[in-house]
Amino acid sequence: MGWMDAVPLWDHHCHALLREEERDNLEALARCLTEAPLDYPLRDIKKTVVYQEALAVAAQELGTQPEEEPLRRALRAADYRAYCRRLFQNAGYGRLYIDTGYTPEQAWSLTELQEVLGISVYPILRLETTAEWCFRQSGSFEEWRTLFIQQVSQARQSGYRGAKSIVAYRSGLHIMPVDEGTASRRWEEMRQLGQQRLQQAELLNYLVHLATPLLIQQQLPLQFHTGYGDPDTDLLQGNPLLLRVYLETYAQQDHRVVLLHTYPYQREAGYLTSVYRGVYADVSLALPLAASGAVRILHELLELAPLSRVLFASDSHSRPESYALAGQFFREGMDQFLSRVVGAHQVRASVAADWAEAVSFRNAEALYGT
Amino acid sequence: MGWMDAVPLWDHHCHALLREEERDNLEALARCLTEAPLDYPLRDIKKTVVYQEALAVAAQELGTQPEEEPLRRALRAADYRAYCRRLFQNAGYGRLYIDTGYTPEQAWSLTELQEVLGISVYPILRLETTAEWCFRQSGSFEEWRTLFIQQVSQARQSGYRGAKSIVAYRSGLHIMPVDEGTASRRWEEMRQLGQQRLQQAELLNYLVHLATPLLIQQQLPLQFHTGYGDPDTDLLQGNPLLLRVYLETYAQQDHRVVLLHTYPYQREAGYLTSVYRGVYADVSLALPLAASGAVRILHELLELAPLSRVLFASDSHSRPESYALAGQFFREGMDQFLSRVVGAHQVRASVAADWAEAVSFRNAEALYGT
Amino acid sequence: MGWMDAVPLWDHHCHALLREEERDNLEALARCLTEAPLDYPLRDIKKTVVYQEALAVAAQELGTQPEEEPLRRALRAADYRAYCRRLFQNAGYGRLYIDTGYTPEQAWSLTELQEVLGISVYPILRLETTAEWCFRQSGSFEEWRTLFIQQVSQARQSGYRGAKSIVAYRSGLHIMPVDEGTASRRWEEMRQLGQQRLQQAELLNYLVHLATPLLIQQQLPLQFHTGYGDPDTDLLQGNPLLLRVYLETYAQQDHRVVLLHTYPYQREAGYLTSVYRGVYADVSLALPLAASGAVRILHELLELAPLSRVLFASDSHSRPESYALAGQFFREGMDQFLSRVVGAHQVRASVAADWAEAVSFRNAEALYGT
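Chains as they are written, first to last, in this note's numbering: chain P, 50 to 419; chain F, 50 to 419; chain X, 50 to 419.
Honestly, the hints are just simulated from the structure, not real lab data.
Owing to the predicted nature of the structure, the values given are computational and were not obtained by experimental measurement.
Wrong hints could be hidden among the right ones.
[Claimed, not checked] Cross-link-like lysine to aspartate or glutamate pairs, in silico, EDC-like; alpha carbons within 16 Å at most:
| hint | chain 1 | residue 1 | chain 2 | residue 2 |
| --- | --- | --- | --- | --- |
| 1 | P | Lys96 | F | Glu406 |
| 2 | P | Lys95 | F | Asp403 |
| 3 | X | Lys96 | P | Glu406 |
| 4 | X | Lys95 | X | Glu110 |
| 5 | P | Lys96 | P | Glu110 |
| 6 | F | Lys95 | F | Glu84 |
| 7 | X | Lys96 | P | Glu76 |
| 8 | F | Lys95 | X | Asp403 |
| 9 | P | Lys96 | F | Asp403 |
[Stated by the list, open to error] Partner residues aside, some chain X positions facing chain P, computed with beta carbon under 7 Å:
| hint | residue |
| --- | --- |
| 10 | Val98 |
| 11 | Tyr277 |
| 12 | Asp283 |
| 13 | Val400 |
[What the hints assert, rightly or not] Pairwise CB distance ranges (calculated):
| hint | chain 1 | residue 1 | chain 2 | residue 2 | range |
| --- | --- | --- | --- | --- | --- |
| 14 | F | Pro90 | X | Pro57 | 55 to 61 Å |
| 15 | P | Arg240 | F | Met225 | 26 to 32 Å |
| 16 | F | Ala398 | P | Glu154 | 34 to 40 Å |
| 17 | P | Glu154 | F | Gly392 | 36 to 42 Å |
| 18 | X | Glu297 | P | Arg234 | 32 to 38 Å |
| 19 | P | Ile198 | X | Arg240 | 42 to 48 Å |
| 20 | X | Ala402 | F | Leu87 | 26 to 32 Å |
| 21 | P | Gln241 | F | Asp303 | 34 to 40 Å |
| 22 | P | Pro262 | F | Leu87 | 57 to 63 Å |
For each residue, glycine too, the CB sits at the ideal point set by N, CA and C.
Model the full structure from these sequences, guided by the hints.
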């Protein structure tokens, strides 16, 4: 029996699933297994390990061949809700925290998802999406600022369990302090240019600093997209080491920060969790997408990261097969890790069993609440 | 039987071989297995896995001891052309694409090489070398520009199968657009300083942008030196992520870009191939030079790179032993990879067999033509 | 029998040990196994492989359970000097080079340490600490400069076997030339601000360039902290590739430079050792601290580094268990490496045996003298 067999996985960062109307959409399956933009050739996505394995997972569950035509037929014939639920159950999912900032069209609502899967689902508030919504409601910087503060301050009360920032792929993780006068001028420029999308660095940085104390007050952690994970990211600006000034600013204030994805900077992320008292990390979307390397990548995060600072996430969306694979790779990677440290590093079995629970759900529980 | 046993290797980036007059030159063997400059001590190069294994490969082929004196004697006595041909045949080479921008003195010409090895050899045009040749023929910027355009425009007609840029180790991969006025001023300065070597960043960047549409018209791919691979490189400026602005510029134009070497940025290179539709990558010279890590390095590229975007190259020059080792490590690395994804990731055997062909020669065929 | 069984380890970079009064201080044990600042929670440090294995090592040696209470009792009852000596002997330590720039309070002096452990101990001069001491003795820049030159010039005569710079975590490794006028102005500013700590980049860079020729004259190597290893480091500024301009400046002068720690830049460090004739590297503190990855990290350094350029160091301090683990992981890593290159890369057994000696003590001997 493996170390990970009996523990539920709480996925602290993922997205919604497509409805049953899309159940035989294998293009959607391929597209949810890559970060490539839509003009990237489908035929190349199909030449990846993760796509091939996703076909195999689906075929196995449906009792058909892992090829596209038989699979489409089987998916059309299947009770898709039961299919989804079985894949999540087989992978041992216990809970989902959903970033509502990105939702595929034709997706189930959170309430529907909870019903389909039979597990609890909680929302995470995306700061930039919230700020853009406030922007559309506001006639002045002051109004915008007040409305944003109000939205973020009510987050816990509104049911959110944490917040997320995508500043990494808008302007980068080198978040600097920005005074209100500067932010106000940038806001006016944005208004005058008729922009709806927040993309100016100073405004984005101002926003993160505006939200942070409000999140600390509510004991809500702030997730940062870092590393790989969006077609328009500049990966050089997504190195989590760039967060240093931001982390130093709040180091004394019980602010909890979660580094999402982190690939290919998982070692840098592990380092940050080992020297900053409020920092957590995962390798989320590298689990399904870098399938053949998932175990190695997880092990690199675990070189320096204390076991109390590592979380499970799939960053999956749209299709249940992606969640199934992420869960499976995480279990395999942790199981190998725990077997090795018990065998070669004399870690006691009771400690390893605790660590299996910690990374699977207890750390998430401590961060996001029960 | 392994997945890679029956497939020929098309080496899409390598250089010429030394003639038989140099056949017992073991210093040349050592020097071709490092990127160190000539004042780097020979004794340190000998304390590498690749040098020791190269001695073993030569000794095995010649039926002697893997030590320098017996080897020199055996090489002197050998039919060197037959020796070279056997090493290439044993490693399963099917075709070479040779970057004529760097050719060791005392090397066989491409025609001779083809005859010696019994396989096809095609040239790749190096942009900077071409531009420097044009510089020597021209009295004005306008003349230089016209001549360069003419040379690049005739590339396919002249037999070239692709082009290569070494801007990475001249001024770095952060290639920006440069207007003609600026380029012209930099050109004049170069003329006035009496320089023959193109090293000014704006001029180098101008050149790449000047050549790109001409290459697209001829459907010739552009190889970029990235990462490790030259004694005077600033490795920080060779991170392929720096190419982002350049890649975005041509993303809609069916431009095909090949990231050469990439080490230690093979994961970053894999990422780029997974989100840009015209990007390919290899780990070339890390294969022989980082011998003990070659398999791991290749596997890191394969974490994100679709199998349709990975190429084989040896980046070898001067000595046949280097080609032999690169070929062997690539086969081993791919064989392990394919066995694992079939075993642990449920990739179908027919798919794995396709992928073995793809990375060995079919992707090169699609890029460079039959 | 393994390749590393019979070779002594010379630890070319470590620190002093706590005295027997602290022998049952398990918090000190935990704190010496992390680079976290003091406000980092002890409970997280305990959830690392290295802490758990350190408990196991101590318990095994003392014949008790690897839990904190029995261990504290056993440590209180033990002959702590004999315990320390046994751990060093079991790990096969032959010699220590101690950086006296960081010494924990309550530590044994070098003379005491030599007596306790029964092996030779040599000091390494830390440049910045020396410069700060000189600053406190001096009334003017000129006096400071003269006194610093005098201290460094006497280093070998005073028994030092090398020097060390921590410029990486004060202002970064991009060390530029600084003229005397600028340095003098920065010195005056430091004086006027009442600072005692050297932290201004130009002054720090000036210092390194001032010391370098004096070290070359005495044939003393200069160690640079690089990569991971201090709570206030900006890891982006600790990339050893940033040393390029400095290395090029002294490339023709038989200056020997040692890159300490290097994690997560061990591949970049290996590259530098492979192209600069005076550069050496280790993975020191990653050995104990990244315990579960220690072998992999060492193997990544060995991808490009000649075996004549790799050194053993533990970067340990305070507790003997840390040295024991570093020694054990280095032996395991090298043993696996040598077995593999003999088995899979045809390296001759005699060569592998030489390499085992080289990395364990002969390279250190060549650098620091017998």
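Results for each hint:
no. : hint                               : in the structure
1   : Lys96(P) to Glu406(F)              : holds (13 Å)
2   : Lys95(P) to Asp403(F)              : holds (12 Å)
3   : Lys96(X) to Glu406(P)              : holds (13 Å)
4   : Lys95(X) to Glu110(X)              : violated (20 Å)
5   : Lys96(P) to Glu110(P)              : violated (22 Å)
6   : Lys95(F) to Glu84(F)               : holds (13 Å)
7   : Lys96(X) to Glu76(P)               : violated (43 Å)
8   : Lys95(F) to Asp403(X)              : holds (12 Å)
9   : Lys96(P) to Asp403(F)              : holds (10 Å)
10  : Val98                              : holds (5 Å)
11  : Tyr277                             : holds (6 Å)
12  : Asp283                             : holds (6 Å)
13  : Val400                             : violated (28 Å)
14  : Pro90(F) to Pro57(X): 55 to 61 Å   : violated (25 Å)
15  : Arg240(P) to Met225(F): 26 to 32 Å : holds (30 Å)
16  : Ala398(F) to Glu154(P): 34 to 40 Å : holds (37 Å)
17  : Glu154(P) to Gly392(F): 36 to 42 Å : holds (38 Å)
18  : Glu297(X) to Arg234(P): 32 to 38 Å : violated (44 Å)
19  : Ile198(P) to Arg240(X): 42 to 48 Å : holds (46 Å)
20  : Ala402(X) to Leu87(F): 26 to 32 Å  : holds (30 Å)
21  : Gln241(P) to Asp303(F): 34 to 40 Å : holds (37 Å)
22  : Pro262(P) to Leu87(F): 57 to 63 Å  : holds (60 Å)
In summary, the structure is inconsistent with hints 4, 5, 7, 13, 14, 18 from the numbered list given earlier, while agreeing with the others.
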